[in-house]
Amino acid sequence: MFLAIAAIPLHFVSALTFTHYKNSLEAARLSNLQDIAAFKADKIETYFSGLKNNIEVAQGYYNIKKNLPVLTRLADNPNDPKFLAADKMLDEQLHQMQLVLGLSDIMLVNSEGKIVYASNVEHHSKDFLNPLPDPQQKAFAEGKNRVYLSDVFFSKAKGNRPAMLVTAPAFDFDGAFIGVIAFEVDMNLVDKLIQDVTGLGDTGEVLVGMKKGNDAVYLNPLRHDPDAALKKGIPLGGKLGGPIQEAVQGRKGAGRLLDYRGKNVIAAWRYLPSLDWGMVAKIDTEEAFADITNLRNLVLIIVVIVFVLCGIIAFSIAQSISVPIKTLSQGAEIIGSGNLDYKVGSNRKDEIGRLSRTFDKMTEGLKKITAKRDELNREITERKRAEEKILRLNEDLKYHVARLEESNRDLDAFSYSVSHDLRAPLRHMAGFMELLQKRTWPQLDETGRHYMTIISASSKRMGMLIDDLLAFSRIGRSEMRTVAIRVKKLVKETIGELREETKERDIAWKIGELPDIYGDPSLLRLVLVNLISNAIKFTRTRPRAEIEIGCTEEEDELVFFVKDNGVGFDMNYVEKLFGVFQRLHHRDEFEGTGIGLANVRRIVSRHGGRTWAVGSLDHGATFYFSLPKGQES
Amino acid sequence: MAELKRILLVEDDPHDVELTLTGLAEYNLANEVVVARDGEEALDFLHRRGKFAGRTDGNPSVVLLDLKLPKVGGLEVLRQLKTDEKLKMVPVVILTSSHEDRDMVEGYKLGTNAYVVKPVDFHQFVDAIKHIGAFWAVINEPPPGSVQKRR
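Protein sequences appear in the order of chains H and F.
Read in my numbering, the first sequence has 295 at position 295, and its numbers run on one by one without any break.
Read in my numbering, the second sequence has 1017 at position 17, and its numbers run on one by one without any break.
Source of the hints: derived by calculation from the structure; they are not laboratory data.
Hints may contain errors.
Stated by the list, open to error - One side only, chain H facing chain F, incomplete, derived with CB under 8 Å:
1) G237
2) A424
3) L426
4) R427
5) H428
6) L435
7) R439
8) P442
9) L444
10) A457
11) S458
12) K460
13) D468
Glycine included, C-beta positions come from ideal geometry on N, C-alpha and C.
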């Protein structure tokens, strides 16, 4: 493909050069032929006009004027000394003239048209008293009146060779017609004039012809047909012998035509008006353009060589360029299909080698990027999975929270309703028990009265439990009102309110630094009341109670504590402490329903905090509750 | 002598009715109590319709109103009473087991004149009833149109 494209300009240039050269050569050839034709025509015409001049010179010859009449008079007696003398006298001049002019004969014809003299000795006896040899006898008839050039004819007397006659009248000293002077021209002479083929190569020739009827007849032997003279005719208007047809019809020109053989020739032609001949100078196109053909062949050979060279070069270039590029492109395809471990590899030091190495580097980069991308993808996938998990957990959480809130509400509604509905029959029991007691007390014995007291106390205690339960339920349901609280002040107020329980006690209060917080004041007061009253209650057995209230600040929460040196508790049951109605001591030791710490936990947890306790039996207890820091202002 | 029914007790629980009457008996007010066993009956009495259509005496000096009642609830009775031109001046004392702030606030908003939580303890309960009866039926001057006190 690449080669074909490369060959196009080469062909184009070759063709252009070739055509140009061919045109130039043709023009040169034609010009040459025209020159030759002109030169030869000039030669012929000069020769014949020379003959005409010489025959005119001969007309004035004294010799002819004097001796022709003698020969005419003594024709019947050729051996007459006068005749012989006259003949000899004429010979001395005319024989010489014949030789000088290259004529085959100079004849004198008497007024009756009979040859009485011939300068050519060989002809002498044959011609004597015969008419002139031209078949139409026009030479004598015309020659009586003027200088005349006959047609070419076969001269039987001269070995059947083409010849022609130039004739002119001869006059005596008085100007009376005495006969005709005739020059016989051997056409060989004309041939010699024109048949010089110098510059016409192997096939070229110059030829003459004349029109005879509807034919153009050649007058000289042809190079390719030696017997053609006067025998070969070319029909006018036919395809063959174009140049001679043109010439005999009086035209002058040059060009490419078919010659008498039907061969392609280039020719120049012209008309010779003085002879009524046509002249053609021609050469076979084949030969004329042999140079061109040679050139064409040369060019073809060069083209072929160049093409082959190109092919070889292209092949070697392909070996050195397209093979690595192919390798590279195959590598690119392999890498493109996902195999990033593939290496094109090249040790070459040229651009292709660099390209290959750069490509390998790029692949390596791509591989790294792909690895990173994969890692990133993995990370993203994991993150997504984690997010989905969190989302799912959140959904679960929301669901559980909703369920929890629902069950809390149910529980609250239940405990409210239970407390409420429990109170009425309890009141009735207590009420009617009282009425019964009033009515029957005097009649009852000790045991009966004891029973009645127990029933009354039990209904009272149940009333308390129910009230506590109601309160606990209310803590869970009441609206929270969050304001800033000065905890230290609140603690002191709480201690003050509990004065009734502490007035006969020896209690060492230790109140540390307590920060202000945000929260519901009535609920937090309840927390403090529960914790402090517990501390007071469970240090009752100590001669000197020590109660410390303080706060420590953690990273994200404030931890308040109430510490006492009371009876403490077993850490095994620490989790029971904050349950509803859970007690770790006997009722006859320490009073209470066991709702207090449950309330504390509930309030603290509603504030977002935690509750816990640390203690050991008989070594005091510390109750902690925390509040998140975000809630302080 | 026509009985003076100066106290309307709206209470569905017969034991509570009995205990209440016991408490009122100490001031000899038990005979002046009309008991409605649900909200509808209470409204019928006050509007003199249904089985109370022929009632000719005046409005009670006080209505002791429980909140948890069959048919029409206590708060609804209170609302109808306090939005009626003829009845809105009748004093109402809510007497209930409910310790709920919600109930108390709602009751006062609707115009109750007092809110008493029935104590579990018998003595406290009887005391409370005695005080309520004494105050509203004896000490307090009822608005015009109420059943007249005995002289």
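Evaluation of the provided hints:
1. Taken as an interface hint, H/G237 does not check out: its beta carbon lies about 143 Å from the nearest beta carbon of chain F, beyond 8 Å.
2. Because the smallest distance between the Cβ of H/A424 and any Cβ of chain F comes to about 6 Å, under 8 Å, the interface hint for this residue holds.
3. The restraint placing H/L426 at the interface with chain F holds, with a minimum CB-CB distance near 6 Å, inside the 8 Å limit.
4. The closest approach between the C-beta of H/R427 and any C-beta of chain F is roughly 5 Å, which is under the 8 Å cut-off, so the hint is satisfied.
5. Taken as an interface hint, H/H428 checks out: its beta carbon lies about 4 Å from the nearest beta carbon of chain F, inside 8 Å.
6. Annotation: interface hint on H/L435 holds; nearest CB of chain F at approximately 7 Å, less than 8 Å.
7. At a threshold of 8 Å, the smallest CB-CB gap from H/R439 to chain F is about 12 Å, leaving the interface hint violated.
8. At about 19 Å, the closest approach between the beta carbon of H/P442 and any beta carbon in chain F exceeds 8 Å, and the interface hint on this residue is violated.
9. Interface hint status for H/L444: violated, as the beta-carbon distance to the closest one in chain F is roughly 18 Å, over 8 Å.
10. Restraint check, H/A457 versus chain F: the minimum CB separation of about 11 Å is more than 8 Å; hint violated.
11. Evaluation of the H/S458 hint against chain F yields a violated restraint, the C-beta minimum of about 12 Å exceeding 8 Å.
12. Satisfaction of the interface hint for H/K460 is found here, the shortest Cβ-Cβ separation to chain F being roughly 7 Å, below the 8 Å cut-off.
13. Because the beta carbon of H/D468 sits about 12 Å from the nearest beta carbon in chain F, more than 8 Å, this interface hint is broken.
The earlier numbered hints that this structure contradicts are 1, 7, 8, 9, 10, 11 and 13.
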